[in-house]
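Student: Can you build the whole structure from these sequences, using the hints too?
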Amino acid sequence: MPSEVVLAVSGLTKSYGAQRPALSEVSFELRAGEVLCVVGENGAGKSTLIKLLSGAVAPGAGSMTLRGATFSALVPRQAMALGVATIYQDVELIDSLTVADNIFLGAERPAAAGFMVDARAQEAEARRHLEQLHIDIDPSALVETLSSAQKQNLQIVKALHQEARVLIMDEPTSSLGYEEKRSLMALVKELKGRGIAVIYISHYLEEVFEIGDTILILKDGERVGTWRRDEVDVDFVIRSMVGRDASLFYRREKVALGAVRVEVKGMLWPGVVEDVSFEIHAGEIFGIGGLVGSGRTELAGLLYGMYPRAAGELCIDGRRVTPRNPQEAIRSGIRLITEDRRKFAMFGPRSVTENVAIVHNELSGGPVLALAEEARITDRLVAQLHIAVASTAQAIESLSGGNQQKAVIARWMIEDADLYLFDEPTKGVDVGAKEEIYKLMVEFARAGKCVLMISSDMPELLSMSDRIGVMRAGRMVKVVENAGIAEQFLIKEFIGIS
Amino acid sequence: MGRERKAGLSILGSQWFLLLIVMVIIAAGTGAINPRFFRVNNIVNILEQVSTLGVVASGATILIISGNFDISVGASIGLSACVMAMLMKADTPYAWAIAAGIAVALLCSLFVGASSILFRAPSFIISLAAIGVFRGIALFLTQATLQTIYGKFEGLGSMRFFGVLPLIFVLSLAVYAAVGFLLRYSRLGRRVYAIGSNERAAYLAGIGINFNKMLFFAIDGLLVGIAATMLLSRVGAAQPATGSGIELQAIGAVVIGGTPMNGGKGRIVGTFFGVLLMGVISNALNMLQVSPYFQDVTFGMLIILSVAVSALSQKRGRAAA
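Residue numbers (this note's numbering), protein chains in the order written: chain A, 1 to 498; chain D, 1 to 321.
Just so you know, the hints here were simulated from the structure itself, not pulled from any lab data. Be careful, since some hints might not be right.
[As the list claims (entries may be wrong)] Below are the DSS-like pairs computed for lysine-lysine, each with C-alpha atoms no more than 30 angstroms apart in a straight line: (1) A/Lys51 / A/Lys254; (2) D/Lys265 / A/Lys427; (3) A/Lys219 / A/Lys439; (4) A/Lys492 / A/Lys434; (5) A/Lys343 / D/Lys152; (6) A/Lys439 / A/Lys181.
Tutor: Okay, structure coming up:
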């Protein structure tokens, strides 16, 4: 099927400041009517690839060839004009307008009166589009009345109306039920028949093997290879997604485990975290792995009192401490290092000192600040954690990612605690800072504390954890001893194929 | 530590410098055209005029840094001053009348704060609606008549140290100092900055958001009440429209003083100079016999200009970072 090449990508590279690029020299060709499935672990570079193709971010190097022209970077409007459409979940549609209005948004059909919109003509044409694709949606319905699957279909219709030739779908089935998944699969096949090229990104390998013509495997930002579907099998794909250089693994010092200190019983947030129970021993680093969206972050949030829980309790040393809000959690000796420091931890324009001392001032300070003590504590922590600052009066947002993360962690090290919840502790952090954060976690463990570590970074999970809890669709489906387990085994558990 | 100090001062210095330069230019220009500008009497007049604004702007500084706005303070000054004046007219002891007036302003501010928290609405919008509420109550209470208290309660407004330094200006300096202390040296001040720069992060660091926001509004209300008292004593009469427009001047002064509209940053010294600049401009326009209608235009444009400057410096800051 040597049909026309609609998109050629060559040497695409993107770094975000960290040492390893998020995407490194990725090349491929996409032909009309081809379904290219992109697979890889969390953080393999799939999202980055989408962002580059849709024009959301500009690549550091490489080029994209579309309709005969070669671009070193795209802006979203340009990508759309060149026929590249990205289908996101639940966004990009205007809820208060009808299905037809949304399809024609920005290019309305004018009525005779010039400034009016010919709603009737728009609806008729929208209906034709929808019928051709066998999609059962009323074009005059308001978008807010549609299900998320219907909205997704609508986005596809809209993209086709705008004459898209390349559709990018990012985890399109992750929030769909079984029937909806089936009909999406059918729709993708239909698109293929009409010569539309599809870039399909999914964790679900059974989908990949059902609809993919070619499979592009990414690992750590690099292209492992591209295969025709019939050249490979599931095992080969999984093996290629994981398995990597031993240098990526950190060799941590082992700490003897003590008695059970933390007990989590029946944590429940219906639809998000389903009845999760586990224990953590003194000196243990308990890793939690799973796909993004499996409820890991939300579980940590529940333990920290960030979200209301429907049921469940948390005991530390046999004492029931289940916090109702972060304030209570902090007072009960629970610490949360959040996944997104910019959003949840940093006071960007404020000084390093203020950022470090914030919890200390709340916990042990009086109404009037002890500035000298604050400065002393900050200086000590800056030295201890090797935080590179020009001055502790510097705004925290002007530090590098790794130093920001260390400064944020520092605020939790002034007062003693029992349970440390680390959510993606080394995300966007360079290798040096990574090691220091690992050392710190081991130090907590050695002091008999309990550490819970959520990580999407396989080597991190495997090198740091004493045991690993696997979360899938809100449940903790398995807890395994971290002794000689293979990445491949974990990935299978994450995805749910045995 | 030494290096910190210096870095802080140089930023501050440049800000002062800019405002000072502008002020000097305006003063020199006005003085050249109308020499009465530099008379002691006029200088004292400026100081008196900026006292009330300074107290209101100090409260606004706290609110804006914390990411909130209260544009109903003009209306609550009107209501508070009317209540005080009516009580004084009825020969209530001054202390009680003042206490009642300050309580009214406090309640107004808490009303705005509580509504904004309860209904998760921006305080800007809530306070916009509250203007009508407060002014309406004042109109009802006074039946839209002017409440004059001539000959009563003039001491506060007319007292001058050494015959030149107005008591109310000294009072406003005390308020600047108190707010400055709060922002710089108190835990509550840290919460102002923390909540203003990242409310979510403040919550996760164990800071009670709603309780503290209510505190900020309470402090603002208290200061508004003090401003109303000062204004009443100086003017000797109150009506529902008393104080209207001061909210915009106060916000303008805060923003000119370098506190960005989106909070998380800012210092009281900036507000001090912003207020002074406002006072000088207002006085200069009078001295130059500019039509009062055009004065409104000037202040409106000045506030837009200060927002523009703030937006541009934010952008530059981001580009540098």
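Student: Would you mind marking each hint as holding or not holding in the structure?
Tutor: We went through each hint and held it up to the structure:
Distance hint between A/Lys51 and A/Lys254 is unfulfilled; the C-alpha atoms sit about 40 angstroms from each other, more than 30 angstroms. The suggested pairing of D/Lys265 with A/Lys427 holds, with an alpha-carbon distance near 28 angstroms, which does not exceed 30 angstroms. Between A/Lys219 and A/Lys439, the direct Cα distance comes to roughly 26 angstroms. Compliance with the 30 angstroms bound is thereby established for this hinted pair. Between A/Lys492 and A/Lys434 the CA atoms are separated by roughly 27 angstroms; this keeps the pair inside 30 angstroms, and the hint holds.
Taken as a hint, the A/Lys343 and D/Lys152 pair is broken in the structure, with Cα atoms around 55 angstroms apart against an allowance of 30 angstroms. Only pairs whose Cα atoms come within 30 angstroms are accepted, and A/Lys439 paired with A/Lys181 is rejected, the gap being roughly 44 angstroms.
The structure fails hints 1, 5, 6 (numbered hints given earlier, in ascending order).
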